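Participant: Input sequences plus hints: build the corresponding full structure.
Top to bottom, those sequences are chains A and B.
The first sequence begins at 76 in the working numbering and counts up by one.
The second sequence begins at 838 in the working numbering and counts up by one.
Hints are computed from structural coordinates only; laboratory data are not their basis.
Bear in mind that the values here come from a model prediction, so they are computed numbers and not experimental data.
Glycine included, every Cβ here is placed at the ideal spot set by N, Cα and C.
There are no misleading hints in this set.
To give an idea of the interface, some chain A residues facing chain B are shown, with a C-beta separation under 8 Å as derived from the structure:
#  : residue
1  : Tyr97
2  : Tyr188
3  : Leu190
4  : Pro195
5  : Val201
6  : Ala202
7  : Leu209
8  : Leu210
9  : Thr318
10 : Ile339
11 : Ala343
12 : Ala352
13 : Ala353
The calculated DSS-like cross-link candidates involving lysine-lysine, where the alpha carbons are at most 30 Å apart (straight line), are:
#  : chain 1 : residue 1 : chain 2 : residue 2
14 : A       : Lys132    : B       : Lys977
15 : A       : Lys273    : B       : Lys1108
16 : B       : Lys1108   : A       : Lys255
Now the stretches of chain B that chain A is said to cover, found in silico as 3 or more residues with beta-carbon under 8 Å:
#  : stretch
17 : 929 to 939
18 : 951 to 964
19 : 985 to 998
20 : 1055 to 1067
21 : 1087 to 1097
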Amino acid sequence: MASHASSRRPFRWRPDQQWEGYLFILPSFAGFLIFIVLAVAMSLGISFSDWGLTGFKSFAGLRNYQQLLRDPLFWQASTNTVFYIVTIVPMQLALGLVMAVGLNQAIRGVTVYRLIYFMPVVTTIVAGAIVFRLLLATNGPVNSLLTTLTGALGVPFSAPNWLGSSQFSKWSVVILTLWKNTGFTMVVYLAALQGVPKELYDAAHTDGANAWQRFRHVTLPLISPTTFFLFIFQMIGAFQLFTEPFVMTRGGPANSSLSVVQYIYLAAFRDIRMDKAAAMAWMLFIVIFAFTLFQNFMQKRWVYYESE
Amino acid sequence: MTTMTATPSGSPTRMSLPARIGLHALLLSFSTLMLAPFGVMVLVSLIPNAAFLARDFSPSNFSLDNYFRTFAVAPFGRYYFNSIVVSVSVTTLQILIASLAAFAFARLRFRGREAIFLFYLATLMIPFPVTLIPNFLIIKNLGWYDTYLALIVPGLFSVFSTFLLRQYYRGIPLDFDEAARMDGASSLRIWWQIIVPLSGPVLATLAIFVFQGVWNDFLWPLVVTTSEQMRTIPVGLAAFVGQYSTAWDLLMAGSVIALLPVLVIYVIGQKWFVQGIALSGMGGR
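Facilitator: What follows is the structure, encoded as C-alpha cells:
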C-alpha cells in the first residue's frame, strides 16, 4: 500500500512546493525535534553521566549500566517483569481468541457481549486497580466467594493474601491486567475472524473437515498475522507495565511485584537518580528492540501471509 | 482498514440448540467476570464502609452520602476540569498538527520529504520510559512544571497520528489537488477544504483513540504535577488511595465518579471506540 501512490506518479520534488512543504511540517517537526529527538539524545547522555540533583557532574562511561547489573533490585524487577510477560501475553491471547470465536457465531446478542467485554478497556486503569484492591483484599469478595464455594464442596481452603504476600502479589497484577486488556485482544481478533473468506470454510466443510479441523487448519493460519501483531503489541505493553502494580500493590510486599518501569520511576523521582533511571530505560529499550527483531525473524516459521 | 461490523459471519452452519445454549452460557460467564468489578464498585459506593465489611446489604443502608463526602474531601470537580482541558486540547491540537504534517508528507513534493518521514518512523519503536526523564527535565527548565503547559505541550506531537493520517491521505486521488490548483487554490485551502472534509471518519476515529489515551494517561501527569489543583482524574484518584487506603465507601464512590462520564460516552459511541482500537492494529500491519 505504501508504494502504491508513488508508483503511479514518479516522485519529483517541485520547487514551488519546497517551502510550503517545510511550513506544513514545521509545527510537527519542531515538537518532534524537542520532545523526541532531543529527549532521546539527552536520555542517552544522562545514562552515560554522573547526574545529580544539580544536573550534569561528570562523564561516567558505562558505570551506571555496570551498577545496574550488580543491583539485586534491578534483577528482581526484571524477573517480575518477565513473569508478567510470560503469564499475561499467552493468557490474554488465548482468552481473547476464545471470546472472539464465540462472538463470531450466528447467535443473538453479539453487540451486547462485545460492549461488555470491551468496557474494562476504556476504564481508567487507576479505578480498575482500586476495585481489585477491594475485590482481592483478605476479607474481600473474592475470598468470601472462594471460602463459601470450597466450604459447600467440603474442600479444605485457606484464603490467600492476594495483595499482601509475595507468593500472590504478582498474580493479583496479572488478574487485573487480564480483566483490563482481554477485551482489546478480543476486538482485534474478531475483526480478523470476520475477514476470513466464507468460501474457505465451505470448501473445508465439503472436504469433510470437522469444526476443530476447520479452526486449526483454516482459521488459525489465516489469522496468524493478527496473532503476530497482538503478540508483539501485548509483549511491548507487558514490558512497560506501571500503573497496575503502582496503584494496586505499590510494588510490594518486599518488591515482589515491582516492575521495571516502576523501578525507573522510583529511581528517577524518589531517589533522584536520573542517571540510573535513564540507563535502566535504555536497557529496557534494547531488550524490547531485540525481542521484537527476534520475533520478526521467527515469524517466517508460523505467520502465514496470503499474498506470498 | 478492516471494517468492523456486528454481523456474525464465518460459520457455515447454524448451530444446534444445545450448542447455542452452551455458547451463551460461556459468553454470559465471561460477561459476569467483566461486569462484576463494576457491580461491586457501584454497590459499595452506595453503603457505609461498616455495612460493607459486615456484608449488611439491607435497603436502609443505601444512600448517596458517600458521593457527597467524596466531593467534600477531594476536589474531584477540579480534577474533572483539568482532565477535560488537557484531553480536549491535546486531542484537537495533536490531530491538527499531525494532519498538516501528514498532508505535506502525502501530497506535497519537497526535497528531503522521504528522509524526514523515515526519521519519524524510526522513532516509533522508542518506549515511553526513554523520553520520560529528559522530557521531565525539559519541562522543569522551561518553567512549566505543575502547569497546564506541562500536561499538554509534550502530548501534541505524535508520530503515530502523523503516520496514520499520511497513510490515509495517500489514498485520496491526487487529481483533486491538481484540479483545485488549476483553479488557483493554495495548498492550505486544498488541505482544509478538500482533504480534511474527505477524511472525516478517520479523523473522528483517531480523535476518540487519542482522547481516551490522554484521559486515562497516568505516568506523565503524575510526574509533572505536584499541587492538588493540577491533578487529572487518574492522578487525583491515585492520591485518594494513598489517603484513604481502606475507606472503601469513599474509594468506590471516587472510582464511580471518575469512570461514569467515560463509560457513558463509550456506551453511546461504542462503534467509534471499537474502530479506534482497530486503528492501533492498523498501525502494526
